[in-house]
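*Asks:* Top to bottom, those sequences are chains P and E. In this text, residue positions in the first sequence follow this note's numbering: the first is 2, and each later residue adds one. In this text, residue positions in the second sequence follow this note's numbering: the first is 877, and each later residue adds one.
No wet-lab data here; the hints were simulated from the structure.
The calculated lysine-lysine pairs, modelled on DSS-like cross-linking and capped at a C-alpha distance of 25 Å, are:
1. P/K43 <-> E/K935
2. E/K1191 <-> P/K93
3. E/K903 <-> E/K931
4. P/K43 <-> E/K931
5. E/K1174 <-> P/K117
Derived Cβ-Cβ restraints for the label pairs, each shown as a range:
6. E/A880 <-> P/G105: 44 to 50 Å
7. P/F103 <-> E/Q909: 45 to 51 Å
8. E/Q909 <-> P/G105: 46 to 52 Å
9. P/A119 <-> E/A986: 21 to 27 Å
10. E/F1160 <-> P/R38: 38 to 44 Å
11. E/P946 <-> P/V51: 24 to 30 Å
12. E/P1161 <-> P/L11: 44 to 50 Å
13. E/F1160 <-> P/R35: 36 to 42 Å
14. P/H64 <-> E/P1161: 21 to 27 Å
15. P/E121 <-> E/A986: 27 to 33 Å
16. P/R116 <-> E/V1052: 37 to 43 Å
17. E/Y920 <-> P/R58: 45 to 51 Å
18. E/P878 <-> P/I17: 15 to 21 Å
19. P/R58 <-> E/K931: 31 to 37 Å
Examples of chain P residues toward chain E, derived with CB under 8 Å:
20. L30
21. L82
22. L101
Don't be surprised by glycine CBs; every beta carbon is placed ideally from N, CA and C.
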Amino acid sequence: MESHYWSDYLLVAWFIALGVGLPLVAFGLARLIRPHRPYPEKLATYESGVEPFGTSRVRFRAHYYLIALLFVLFDVEVLFLYPWAVAFGQAKAFAFVEGLVFLGLIGFALFYAWRKGALEWK
Amino acid sequence: MPAALGAVVLLLVVLGLVTFAVYVHRKLLGWMQGRHGPTHTGPYGLLQTIADTVKLLQKEDVIPAQVDRPLFRLAPIIAFAPSFVVLAVIPFAPGLTFADVGVGLLFYLAVASVTTLGVIAGGWAANNKWSLIGALRSAAQMVSYEVPLALSALAVVLMAGSLNLNAIVEAQARSVWFVIPQALGFVIFLIAALAELNRTPFDLTEAESELVAGYLTEYSGVRFAFFMLGEYVYLFAMGALIATLYFGGWLPPHPALAFVPGIVWFLIKALFFAVLPFWLQATFPRARVDQLMGLAWKGLIPLAMVNLVLTAALKTWL
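Can you make the complete structure from the sequences, with help from the hints?
*Replies:* If you want it as structure tokens, here you go:
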């Protein structure tokens, strides 16, 4: 069983190597056959044809940050539920009540965020 | 060792599939819009994608002066590699899973979410306002829809009692395909999957009519090709995951049809769900960004929670 476990993850590592290797090989290959003739206009940032206006290191909507926070919160909570779902068959009624309490809490958190307007996109 | 070689073969098969998928995509969209699609390159335009690939390889590698170069070069690799790595855990046929890891489904979800990093890295590194807005929207969309995706998949785990994808298929052999008890979960999963893949009606990331090309604006040539390649590989991977979770993977629809090899059934189901987004693309207009976020947080997540409670109740008292 143990050797099976390690060989499986070794294969995953091999998949990662292939997934990273293919683009590297293609980039190397393309380097050999493509032209390289840069000039300032070509290297300008695309801004619908007008001269680029400053950089893009600008302030942007804080709401994206809120969404990211909510995501971290809910994704971690969903992760907690995965072991619960796998082990559910071993303690059905007890696990059901436990899951209900947990989901109730998450549901309440979602309701709270909703009422606070965190989910409105204006 | 044979498995390592098999992985190389899989990579080549997937590249072939993608070549074909791009052709099918353009042909189908063409027919649905009363056009012919590609016709000139090779018989019935079959060689169109190959010609496009060669063309992309030859293109000059334009890296704009203001770009964050290391990140700009790294981003296509971060976006592409996970799309292939997730295929390691997919059960293609009985006994044909490359890495039959115990946490298969979790592995898929975790690795697939790495692509979001590639998208946001690419959009940020480009130092272009279109790219920045596109990347932020894309990241917000992908993380928002990951929650309902994981929640609806959780109900399948609950029914099968395992995260291993082979065990999930075998659990469906013992009862019915999970699409029947999980009809609601399947619909949530499908919608969330479309959003994860950035397909219409959720293709706001690229929204060519408002954001030029979103996070891809400054990308060209091979680097652009790898972002696109990743997207198409994900189409197949997601089709494979939907087939595995809800349609019995390599199981035949009826035991009497068991003489047809499992891989054939698997490919029929996976390819159907890989092509389905093309059909939807011809049918639906693009959603607005507020509708998109509202649907995930106010619609799909509460629904997925209800679905989970119902599934748990079903499993407890039936």
